[in-house]
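Engineer: Chains as they are written, first to last, in full-length UniProt numbering: chain V, 1 to 197; chain Z, 1 to 197.
No lab work stands behind these hints, which were simulated from the structure alone.
It does not matter which identical chain is used: a pair holds within one copy or between any two.
Simulated pairs of lysine-lysine, BS3-like, Cα-Cα distance not exceeding 30 angstroms:
{"hint": "1", "residue 1": "157", "residue 2": "120"}
{"hint": "2", "residue 1": "108", "residue 2": "77"}
{"hint": "3", "residue 1": "157", "residue 2": "77"}
{"hint": "4", "residue 1": "175", "residue 2": "77"}
{"hint": "5", "residue 1": "108", "residue 2": "120"}
Number of protein chains: 2
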Amino acid sequence: MTLVLDPAAQDLLFREARTANTFTADPVTDEQVQAIYDLVKYAPTAFNQQPLRVVLVRSTEGRERLVRHMAEGNQPKTSTAPLVAILAADNEFHEELPTQFPVFPQAKDVFFAERPVREKSAALNAALQVGYFIIGVRAAGLAAGPMTGFDADGINKEFFADGEHSVLAVVNIGKPGENAWFPRNPRLSYDEVVTTV
Amino acid sequence: MTLVLDPAAQDLLFREARTANTFTADPVTDEQVQAIYDLVKYAPTAFNQQPLRVVLVRSTEGRERLVRHMAEGNQPKTSTAPLVAILAADNEFHEELPTQFPVFPQAKDVFFAERPVREKSAALNAALQVGYFIIGVRAAGLAAGPMTGFDADGINKEFFADGEHSVLAVVNIGKPGENAWFPRNPRLSYDEVVTTV
Chain V
1 MTLVLDPAAQ DLLFREARTA NTFTADPVTD EQVQAIYDLV KYAPTAFNQQ
51 PLRVVLVRST EGRERLVRHM AEGNQPKTST APLVAILAAD NEFHEELPTQ
101 FPVFPQAKDV FFAERPVREK SAALNAALQV GYFIIGVRAA GLAAGPMTGF
151 DADGINKEFF ADGEHSVLAV VNIGKPGENA WFPRNPRLSY DEVVTTV
Chain Z
1 MTLVLDPAAQ DLLFREARTA NTFTADPVTD EQVQAIYDLV KYAPTAFNQQ
51 PLRVVLVRST EGRERLVRHM AEGNQPKTST APLVAILAAD NEFHEELPTQ
101 FPVFPQAKDV FFAERPVREK SAALNAALQV GYFIIGVRAA GLAAGPMTGF
151 DADGINKEFF ADGEHSVLAV VNIGKPGENA WFPRNPRLSY DEVVTTV
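Please construct the entire structure, taking both the sequences and the accompanying hints into account.
Structural biologist: Shown next as C-alpha cells:
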C-alpha cells in the first residue's frame, strides 16, 4: 500500500465521489456545514490568510436572487438542491492577519497594503479552500456540485454589497438523487501531467 | 457523528497534518507521487479541464535552478526537502478538452478560444487541484510544505520555456523532521466565515 489513507476513505473522498446533478429531498443541516468547516479550516493557506467566505442560501428569496445570476444550464439544479453555498474570496482578509498570523502581525501592512496584491493572493488561497471544502462535503457523506457558470459581477453585487468579495464557485450540496451523474470523464495520465527535472 | 469520514482519516488529512518546515532524509519515490496523482486526479474541475501540471525537481541542477527563484526565507527548506514539486497552471489546457470533455468537445473553441479567459479559468481550477494535491500528499502519510514566496516570472521562464504555464505554488514534500512545525495558528470561527441568507 503506497497510500496510508484507508481505501474506504480514498473511495469516499476521491474515487467514488462524483459531481451530482440531482439530489434527494433530504435537508443539509447547519450542523453538517459546521462539521465540514471545522474539519477543513485546518488545511493550509499562505500566511494563514483564510480568505474563503461562505454564504448558505436557505431562504426562498435568497434562492431566487441567486438563480437569476446562474447560467441557464445550471438554474434547474441550483433551484432544487437541498442547500446551495456561494464560495467567495474576501479581498479584505488582511484585516484578520494580526490575530490569525500572530508570528508576524505586520504582514497586514508589509505584504498586503495594496488591493491588487490582496486580490491575487485571495483568489489563489480561497480557491485552495474551495478545493478543501469540496473534499469536506464528501467527508460528510454528501455530494457536491461545484459550478462556475454564473454572472460573477451579478452575484458579487447581489450578495456582497461591500464590494470586497469575489465569488469563485457556487456549490450545490445534498444526497445524490436519481440519475445524479453523467458518465465519468477520462483523466489525464500521470505522464501527461507530471515531468521531472 | 456528523461526518462520515473515519476520524483517523480526518486527523491524517486535516487535524493532525501540518505544514512541515523540516524533513527527514527519507526519499519520496516516484511510486508515491504516482499514487498521490492517481487518487487526486478524480477530484472535480470545470469542464474536466485539469489544468494542473507538476514538475518534480529531482536533479541537483534542477534544485539549484529553482532555489535561486525562491524567497530567501524559503531557500533553506527548498534546498533540503527530499522532494520539491512545482505546481503550475497550463494555460493551454483547452487543447486536451476534445478528449477530456467528450460530451461537448466544442468547448475548446466555444468557451476557451481566448487566452485571458483560459488564464482565469486555469488559475482557479489549477488552484483547486493544488488543494487536492496537498490533501493527497497527506493521504500518502507525508507532510507538504506549500509555498508562494518566490519570483513567479523567474520560475515560469526557467521551467516553462513555452510561455504557456503559470506557477501557483512550490511544495516541499517528505516526512517531517526535527522541530518540523511552528505552533498551530488560530483559525477563523464558523460565524466569521459562514453567513446565511
